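Same order as they appear, the protein sequences are chains A and B.
When the letters of the first sequence are read in order and numbered with this note's numbering, they come out as residues 1 to 172.
When the letters of the second sequence are read in order and numbered with this note's numbering, they come out as residues 1 to 139.
It is possible that part of the hints are untrue.
Here are the simulated distance ranges between beta carbons [stated by the list, open to error]:
{"hint": "1", "chain 1": "B", "residue 1": "LYS12", "chain 2": "A", "residue 2": "GLY60", "range": "54 to 64 Å"}
{"hint": "2", "chain 1": "A", "residue 1": "LYS163", "chain 2": "B", "residue 2": "PRO96", "range": "48 to 58 Å"}
{"hint": "3", "chain 1": "A", "residue 1": "GLU144", "chain 2": "B", "residue 2": "LYS12", "range": "53 to 63 Å"}
Only pairs whose alpha carbons sit at most 27 Å apart, straight line, appear in this in silico BS3-like list of lysine-lysine [to be verified]:
{"hint": "4", "chain 1": "A", "residue 1": "LYS3", "chain 2": "A", "residue 2": "LYS90"}
{"hint": "5", "chain 1": "B", "residue 1": "LYS134", "chain 2": "A", "residue 2": "LYS36"}
{"hint": "6", "chain 1": "B", "residue 1": "LYS64", "chain 2": "A", "residue 2": "LYS99"}
{"hint": "7", "chain 1": "B", "residue 1": "LYS125", "chain 2": "A", "residue 2": "LYS36"}
{"hint": "8", "chain 1": "A", "residue 1": "LYS37", "chain 2": "B", "residue 2": "LYS134"}
{"hint": "9", "chain 1": "A", "residue 1": "LYS37", "chain 2": "B", "residue 2": "LYS36"}
{"hint": "10", "chain 1": "A", "residue 1": "LYS36", "chain 2": "B", "residue 2": "LYS136"}
{"hint": "11", "chain 1": "B", "residue 1": "LYS134", "chain 2": "A", "residue 2": "LYS102"}
Per the computed footprint, the stretches of chain A lying under chain B, defined by three or more beta-carbons under 8 Å from a beta-carbon of chain B, are [as the list claims (entries may be wrong)]:
{"hint": "12", "segment": "7-16"}
{"hint": "13", "segment": "147-160"}
Keep in mind the hints are simulated off the structure, nothing from the lab.
Computed from a predicted model, the values in this text were never measured in an experiment.
For glycine and all other residues, C-beta sits at the position ideal for the given N, C-alpha and C.
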Amino acid sequence: MVKHLSFFLIFLILCFFLAKGLFLDPREVPSPLIGKKIPSFSLPSLITEDKTITQDDLIGKKILLNVFASWCGPCLEEHPYLISLKKSQKIEIFGLNYKDYKNDAKIWLRSHGNPYKKIIYDPNALLGFDLGVYGVPETFLINENGIIIYKHVGALSEKDIIKLISLRAHVE
Amino acid sequence: MLSNTIVLFFSKSSFFVLIIFSSFSFSNDNINLADKISSELRCLVCQNQTVYESNSEFAVDIKKNIEKLLGQGKNESEVLSHMVDRYGYFILYNPPLLSSTYVLWIGPFVIFFLFSILTFLYIRKRNMTLIIGKNKEKK
């Protein structure tokens, strides 16, 4: 009787962990950059082509840095939520145009709207590599000191955005 | 009964040996260093492949970065830590032996050991039952 009960208990514990596992994404890679300052970079602006954007442009306020590309499907899915977010003026959104063609990106933004304060043009994934970007879209929450607080991999849902902007902007 | 245990032991240990040796793909010093490094990194897009094996754009970019870093004079471990700094330990194809990966490395051996003991006890119990049965027949 005890033997049957203990096997059943082991079975229940196994079920618990397996159920928990169903909600995890095995492909998601945690970022080692959380708590670290954004890397230094110097890249052209997508829109104002003669201007250069550096890490100093990202420091001063809590911001979102959204990595996107015109060829990326999920980027289009999350884009309306970024547009609403921009309209709500709750937080500034900077764009990192990743491995894209300049004209394609501009046309994409013209069709779907531009929620970005500034857009970094990174066709060779130079900043992308230093930020540990391995897919699009990805979104970084950066505090006023330029420290990366959080990284979201994949398309943002409305809930994700609410959660993201309410995160405490300080890491111990 | 002893032969059963031996068969079980060899099938399990050969399985482990196969897994361990499949991760050693470069032993020749003449192999290109960039290839050696890329075979130690995991492609984060096709996560069961090494960067060396993968043809995904991510892997191509990483390979370009390896060449760039080697051109800057970095050695193998410097290139690997450069990658780990940006992508975390998961980018190493072979998980390092850290407190967090301890279970991953030691686990299979513990389970093997546990099951060996259970199997041994079970076989012994069956043998005892057979012997007792035979003794009863004799009487």
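Now the hints, each set against the structure:
1. The hint said 54 to 64 Å for the Cβ distance between B:LYS12 and A:GLY60, and at roughly 60 Å that hint holds.
2. For the pair A:LYS163 and B:PRO96, the beta carbons lie near 32 Å from each other, so the given range of 48 to 58 Å is not met.
3. Distance hint check: the CB atoms of A:GLU144 and B:LYS12 are about 56 Å apart, consistent with the given range 53 to 63 Å.
4. Between A:LYS3 and A:LYS90 the alpha-carbon distance is near 59 Å, which puts this suggested pair outside the 27 Å criterion.
5. For the given pair, B:LYS134 sits about 73 Å from A:LYS36 by alpha-carbon distance, which is inconsistent with the 27 Å threshold.
6. Simply put, B:LYS64 and A:LYS99 have alpha-carbon atoms about 14 Å apart, close enough for the 27 Å limit, and the pair holds.
7. This hinted pair does not check out: B:LYS125 and A:LYS36 have alpha carbons roughly 59 Å apart, beyond 27 Å.
8. Between the alpha carbons of A:LYS37 and B:LYS134 the distance comes to roughly 77 Å, so the proposed pair goes past 27 Å and is violated.
9. A hinted pair counts as satisfied when its Cα atoms are at most 27 Å apart, and A:LYS37 with B:LYS36 does not qualify at roughly 31 Å.
10. Pair hint A:LYS36 plus B:LYS136 does not hold up; C-alpha atoms about 76 Å apart against a cutoff of 27 Å.
11. For the hint pairing B:LYS134 with A:LYS102, the CA-to-CA distance comes to about 87 Å; that exceeds 27 Å, so the pair is violated.
12. Counting residues of the segment 7-16 of chain A whose CB lies closer than 8 Å to any CB of chain B gives 0, which falls below the minimum of 3, so the coverage claim is violated.
13. Three residues within the 8 Å Cβ limit are the bar, and the segment 147-160 of chain A against chain B gives 0, so the coverage statement is violated.
Hints 2, 4, 5, 7, 8, 9, 10, 11, 12 and 13 from the earlier list are contradicted by this structure; the remaining hints agree with it.
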